[in-house]
Structure formats: C-alpha cells, structure tokens
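These protein sequence lines map, in sequence, to chains A and B.
End of the first sequence sits at 184 in the numbering used here; the numbers just go up one at a time, nothing left out.
End of the second sequence sits at 212 in the numbering used here; the numbers just go up one at a time, nothing left out.
Because the hints were derived from the structure by calculation, they are not lab data.
Built from N, CA and C at the ideal position, the CB exists for glycine as well.
Some hints here could point you the wrong way.
Said to hold, decoys possible - If you anchor each label on the Cβ, the simulated ranges turn out as follows: (1) B:K91 / A:D9: 29 to 35 Å; (2) B:P74 / A:G158: 32 to 38 Å; (3) B:R77 / A:E111: 18 to 24 Å; (4) B:F69 / A:F67: 24 to 30 Å; (5) A:E60 / B:M113: 41 to 47 Å; (6) B:N71 / A:E60: 19 to 25 Å; (7) B:R77 / A:R12: 19 to 25 Å.
The lines below spell out each chain.
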Amino acid sequence: MPEENPDYDLVRRFLNGDESSFNQLARKYQAKIYWHARRMTGNHLDADEIVQEVLLVLFEKLKNFNFQSSLFTWIYRITITRSINYIKRQKLRRFVSFDEEENCGLSTDDEIVKNIEDKEKLKKLDSVLQKLPEKQREIFLLRHFDELSYEEIAQITGKSVGGLKANYFHAFEKVVNLMGNKNG
Amino acid sequence: MHLKKLLTLWVIKMDKKIFDIYDEHFPGEENVPDKFAGPVEDQEKLDDLRKSADVLKSLSSVSIDEKYFTNILPRFRENLEKKQRSFFYKKLIYSSSIAFSTLLLLVFSFQFMKTNFQSKVTQQNETMETVLPTASQDIYIASADQFSDSIVNNSAVKQEIDKTLNQSLSAASNSNDYILIKNTMDYNNVLSQLDDDELEKVYAQLQQTKIL
Numbered sequence: 001m002p003e004e005n006p007d008y009d010l011v012r013r014f015l016n017g018d019e020s021s022f023n024q025l026a027r028k029y030q031a032k033i034y035w036h037a038r039r040m041t042g043n044h045l046d047a048d049e050i051v052q053e054v055l056l057v058l059f060e061k062l063k064n065f066n067f068q069s070s071l072f073t074w075i076y077r078i079t080i081t082r083s084i085n086y087i088k089r090q091k092l093r094r095f096v097s098f099d100e101e102e103n104c105g106l107s108t109d110d111e112i113v114k115n116i117e118d119k120e121k122l123k124k125l126d127s128v129l130q131k132l133p134e135k136q137r138e139i140f141l142l143r144h145f146d147e148l149s150y151e152e153i154a155q156i157t158g159k160s161v162g163g164l165k166a167n168y169f170h171a172f173e174k175v176v177n178l179m180g181n182k183n184g
Numbered sequence: 001m002h003l004k005k006l007l008t009l010w011v012i013k014m015d016k017k018i019f020d021i022y023d024e025h026f027p028g029e030e031n032v033p034d035k036f037a038g039p040v041e042d043q044e045k046l047d048d049l050r051k052s053a054d055v056l057k058s059l060s061s062v063s064i065d066e067k068y069f070t071n072i073l074p075r076f077r078e079n080l081e082k083k084q085r086s087f088f089y090k091k092l093i094y095s096s097s098i099a100f101s102t103l104l105l106l107v108f109s110f111q112f113m114k115t116n117f118q119s120k121v122t123q124q125n126e127t128m129e130t131v132l133p134t135a136s137q138d139i140y141i142a143s144a145d146q147f148s149d150s151i152v153n154n155s156a157v158k159q160e161i162d163k164t165l166n167q168s169l170s171a172a173s174n175s176n177d178y179i180l181i182k183n184t185m186d187y188n189n190v191l192s193q194l195d196d197d198e199l200e201k202v203y204a205q206l207q208q209t210k211i212l
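If we strip away everything but chain A, and leave its shape as in the complex, we get (with noise of 0.2 Å):
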C-alpha cells in the first residue's frame, strides 16, 4: 500500500507545518543526490549547487506531490533534470565565454575528499563518465551506481524499458574501452 511509505508520512506531516520533516527526508536523500550530481557533472562543486537547487525544488514543490509514485522516484526524476539542464548551462556557459578551462579551479576536491587513493578514484572515474553522452551517463549511473531496476529508471526518465537496456550495454562497453584504454 502505498500509504504505509513512511515518505508519505513525512511529506504529509511538512505540508501540516512540520519544518522539521523536511529536514528529515533532506537528510535521507542527500548524499543520493550529491552523488547522482557529481558523477554527472564531474566536479564537487556543480554537484553542490545541483543538490541544493534539488532541495529547493523539494521544498518548493512537495505541495504538488501527488502521491502516486514514490518519493525517491520522483526526487530522482528533480535531480536529473536539474544536472541536464545544468550541464547545458555550463555548456552554454563555456561557449559564449570561449574559455575551455573556465572549471579548471571548481573540479578540485582537495577540501571535501582527503584520501590521496580517493581523489585519484575520482578523477578516474570522472574521466571515464564524462566522455559518455549525457542520456547515455545518466542511465549507466541509474543502473550501475545507484543499482535502480529497468521499471524504476522507466518511470524516471520516461523510457521504454529496451531502450534503457540498450543504453545501458553501450554505455557499460564504451566505460570498460576507456578504462582498458586509459591502463594499456
């Protein structure tokens, strides 16, 4: 039943005034969100505006909830949309500016990750994610990190279950060519 989501209860009890509730379902999907945006967009600090555009959006718009789907599925469907639109930006950004490493400085991670194996993780596997297509990257993300079933990112991104699945293999061969590349 979709009323004993205890989501439900939280969103129920913060359209009552409960400012405390938000505070609560902010805190559940937080690091989700940071993470769905910073593999997106390759950098620490895009992904922090991303989360809290994401949270704003939440505050702001939890009044329409409908109760329909769950929570989470429909804060994943805010959080992408929010990293497309703001990688556009970016790009759009960029281009006018006609500065190629206009993000040189807002990449480094040097005050939020400390381990030195960690930092190189993470430029690593930013490296490889950045060179898949922005549909393509979000789906393998979807899939792969935040382990979402094909019905569940359907109901995200509103794509036919085969059609993710395909996406989902090309991305997942293009990932291992340029992991394989990047060692040989």
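With chain A's structure known, arrange chain B on it following the hints.
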C-alpha cells in the same frame, strides 16, 4: 585490492549474451547463477565482466568529509531565507511599480481628458464666433438705435439742449447789432400784438439789420 591491479581486469570486448546474463542477475549476485549452463569460456567471460563492474564500483566508493553532508541543510536554510527575502523585495518592487504605473496612467488619463475638454470648449467657442458675427453686428446696430432713441426721447436731455441753445442766444443778444428773440413763444406774441404798419416798419428795419 590495489587500484592498478584492479584495472588490469578490464575486458575490452563485451559479449551481449554474457552481458545480458550479468545484467539479469544484477545487482547483488555473487556467484554465477545455476541455470547458466554455457561453455567454460562464457563462464570466464561472465566472471571478468563481474570483476570489471566491481572495479568500476570501487572507483566510486570514496569517503568524503562528513562535514559537507552535515552542512548541506544549514546552507540550504540560509539560501532559502535569502531567496525568500529577495522574493519579498522583488514582490515589493513589483507591486510598487504596478501602483506607480497605475497612478501615472491615471494622471495621464486625467490630463488627457482635461486637455481634450479644453480643446473641445475652444473649438465650440470658435464655432460660435464664426456662426454668429452677423447676429452680433445686428445686435450692435439695434442697441445703437435704441441708445439714440433713448437720447432723443429723454426730456432731461431735451431740456439740456434747450438750455444750452438759449444761453448761446442770450450771449449773442448782448451785441447791439443783433435782435434777440428769446424763444418762439415770445416771437409769436410780439407778432400778434403788432398792426400792419408796425409790421411793415419792423420788416423795413429787419431788412437793414443783420440777423444771426
């Protein structure tokens, strides 16, 4: 496992059939499923694929400063407050500009109506002036006639005229060369009292006298 060692496990060519088997049992499957009854090479391919997927996942498992996640909400609240404040100011500016525009519109409308009314009145006056010049001339002539009539028929004015005339005549009568007839009544009385001889005498005398 060290990162460099892990990355050597990547397979370059992927088999769609093997990938589908992997994907079908994704995520969380540790072992090759029992129903998989393919050749040994396929089994190895599947194992390699799983290892590659694990390596990819291990790249993502990094620990970041927990303070960042702790600070997300306070920063969000701060941003929200800023946004709400700026929204309030924007709303205020918007309402003020609407009110000012309305006021401006009202003033301009009033001004326009006033100018329009004045121009209409002027136009009407101009029309009246062009339509009524002959009428005003007629009125002027009629009033002049009325004035002259009032003068002629006024007894006071008549008396004044007589008085002025008599004064002029009496002044003239002081001279010896003139005969003064004070008024028509006296003249008529004198004539009625004279006989024929006297009248002839007067007549003869008048012929020799200068008359005013």
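We went through each hint and held it up to the structure:
1. Between B:K91 and A:D9 the beta carbon distance is about 33 Å. The supplied range of 29 to 35 Å therefore holds.
2. For B:P74 and A:G158, the hinted distance range of 32 to 38 Å is satisfied, since their beta carbons lie about 35 Å from each other.
3. B:R77 and A:E111 have their C-beta atoms about 21 Å apart, which keeps the hinted 18 to 24 Å range intact.
4. The hinted range of 24 to 30 Å is satisfied by B:F69 and A:F67, whose Cβ atoms lie roughly 28 Å apart.
5. With their beta carbons about 45 Å apart, A:E60 and B:M113 fall inside the hinted range of 41 to 47 Å.
6. Here the CB-CB span from B:N71 to A:E60 is close to 21 Å, well matched to the stated 19 to 25 Å.
7. With their beta carbons about 21 Å apart, B:R77 and A:R12 fall inside the hinted range of 19 to 25 Å.
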